[in-house]
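**Student:** Protein chains in written order, with my numbering: chain W, 1 to 315; chain F, 1 to 291.
Rather than coming from a laboratory, the hints here were simulated on the basis of the structure. No residue lacks a Cβ here, since even glycine has one placed at the ideal position from N, Cα and C. Check before you lean on any hint, since a few could be wrong.
Said to hold, decoys possible - For each label pair, taking beta carbons as the anchor points, the in silico distance ranges come out as: (1) F:GLN280 to W:ARG207: 49 to 55 Å; (2) F:GLY115 to W:GLY232: 57 to 63 Å; (3) F:MET212 to W:ASN178: 52 to 58 Å; (4) W:LEU81 to F:ASN131: 51 to 57 Å; (5) F:GLY115 to W:PRO140: 16 to 22 Å; (6) W:GLY82 to F:ALA90: 25 to 31 Å; (7) W:PHE101 to F:THR3: 38 to 44 Å; (8) W:PHE275 to F:MET212: 32 to 38 Å.
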Amino acid sequence: MLTKALQNPFVSTLAVALIVVALPLVVGSNFHIRLATMVYIFSIVVLGLNLLMGYAGQVSLGHAGFFILGAYSVALGPSQLGLNPWLSMAGGVALTSALAFVIGRPLLRLSGYHLAMATLAFGAIVYVFITNEVDLTGGPDGMQVQRANLSVLGLSHLMSWYWLAGGFLVLSMLILSNLLSSPAGRALRALHDSEVAAGVLGIDVARAKLMAFVISAALAALAGANLALLDGHITPAAGGILRSVELLTMAVVGGLGSLVGSVAGAAFLVLLPQFLTEFHDYEHAILGFLLVVIMVMLPLGIVPSLNAVMRRWLP
Amino acid sequence: MTTFFQLVVSGITVGSIYALVAIGFTLVYRASGIFNFAQGEYVMLGGMITGILMTTCGVGFVPASLVAILVTVAIGAISYLLAIRPARSAAQVHLLIITIGISVLLRGLTSALLGKDFVRIPTFVSPETFNIGGVVIQSQALLVIAGAMAMASLLWLFLTRSFVGKGITAVSANLMAAKLVGINPAAIVALCFGISACIGAVGGLVATPITMTSYDAGTMLAIKGFSAAMLGGISSAAGPLVGGLLIGLFEAFGAGYVSSTYKDAFALLILLGVLAFRPQGLFGNRSTQRV
């Protein structure tokens, strides 16, 4: 009964919502609130990536590309077009989704390694473009982002983004939980097990994959916009190849096919460097090492492995 | 016209390195079905270890390069036996992530132990240049091209003429049948990882006098080597070599005639184009999937 409840996506959404609400009552320091906000922001991208990889079974090494497009849209919208930052965020998410829709059709005909490399190439092209268009984006030094927050409600800049990122996270989890328990979500899961069998059962395979791809791109852009607005500054390094690898690691370490796993994976990778400050030089080496060890020892990821243990010991 | 031939020369020089990465990729892929994302790191390690040994430890070129090749080969074979083989029955995605993890680990260790600065190897052939009708060719560039061709031919001879090489071909062709005639696939695949690391390290140490190297050079090399393998066709013998040279030429012409800041984007665009329109590559056979 308990284990069954833990696997219900709505229960995990509620649990995450409770954590978001309760955390500011427990921790007071700005540093910890900031870390929590980063966890929420990365959870949003990883949720989308998990929908694509864990449910639809398609690998992407290019989501840092969508992430950085969202981030630069809130930087460029106000400075180039004089748009309001909130409108820029909405516009960035919409444009990134449209881009994902256009490139998704040809890309998603590929599978496995080919899809991974094609998405990697896409992400790298976005990165090269943003790094080289110095007049528009400030090049490798990055650019300032016009401040936007909820100070009208009496919240500080940090607390506004804590609540916004937490709110977006809970909202995304709610939408994905709904999606996954709908026929469209069951179609996605069928795809993960066998594309051929899903096709034979009358599922429009190409359409289902494209839907997952566009939703994941939209969530990546939303998270990127959140990060840029929180930091007030954005550089292309926020969306390099290593970032795509990091996002993939979060999804896989937390556990593919588990919404709460995405949050756990994001929390693990955001908080890990805080415990490794003494080994700062070895940060990437440790990241790579953990990635290998977790993949070899716990190929299912943290949350599904814990679930399996609990299923054995709990009623 | 001089510019054109100058670009051809530089294109073939970098293309030779991409070809070596592509050859290493296809060797491992055909024997094990594993896509080794760490292939570019071998090139980086070959250059970095040789360079650091020569510049900061004052070791001569020959011992330094031998140490670099041996260390890289050991890393290649050990990473397969310790990290990849235990997970061999896992899904493709997991194996890909493991090799990405190895690549990040090697990068991280290199930056922590050998530093983040660019490393150069002093040119080890006379620094003279040839001038043929206005086209300038460095002798080191000729060495890179000759080295790549030599490695490719040696590998081909090894695969087709030697007993062990035929074992590799057997494992690539049919794993079950190879096991039945008494071939140990673990040893063969570990050997392939070792050979591909050796090919990469040699590429790194002949190219570094021209291109320099740093701890983060491997990822782009892996992507370009993969683009080369896909362009040539992963199932053909000459595919990776021709693919590498073509990617090098595209890149040189793109940088020379279109835009030098977008140099890295050309290989990526070719990769996307090939994957979208001709996933079997120029020389590959169209494969059909059994259901």
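**Student:** Take a look at whether the Cβ-Cβ distance between PHE101 of chain W and THR3 of chain F falls inside 38 to 44 Å.
**Tutor:** 41 Å, holds
**Student:** For the hint 52 to 58 Å, verify it against the beta carbon of MET212 of chain F and that of ASN178 of chain W.
**Tutor:** 53 Å, holds
**Student:** If I claimed the Cβ atoms of GLN280 of chain F and ARG207 of chain W lie 49 to 55 Å apart, would that claim hold in this structure?
**Tutor:** 26 Å, violated
**Student:** If you check the beta carbons of GLY82 of chain W and ALA90 of chain F, does the distance land in 25 to 31 Å?
**Tutor:** 51 Å, violated
**Student:** Tell me if the beta carbons of GLY115 of chain F and PRO140 of chain W are separated by a distance inside 16 to 22 Å.
**Tutor:** 21 Å, holds
**Student:** Within 51 to 57 Å: is that where the Cβ-Cβ distance between LEU81 of chain W and ASN131 of chain F falls?
**Tutor:** 53 Å, holds
**Student:** Would you say the C-beta atoms of GLY115 of chain F and GLY232 of chain W sit inside 57 to 63 Å of each other?
**Tutor:** Since the Cβ atoms of GLY115 of chain F and GLY232 of chain W sit about 32 Å apart, the hinted range of 57 to 63 Å is violated.
**Student:** Please check whether PHE275 of chain W and MET212 of chain F have a Cβ separation lying inside 32 to 38 Å.
**Tutor:** 35 Å, holds
Of the hints listed earlier, those the structure fails to meet are numbers 1, 2 and 6, in rising order.
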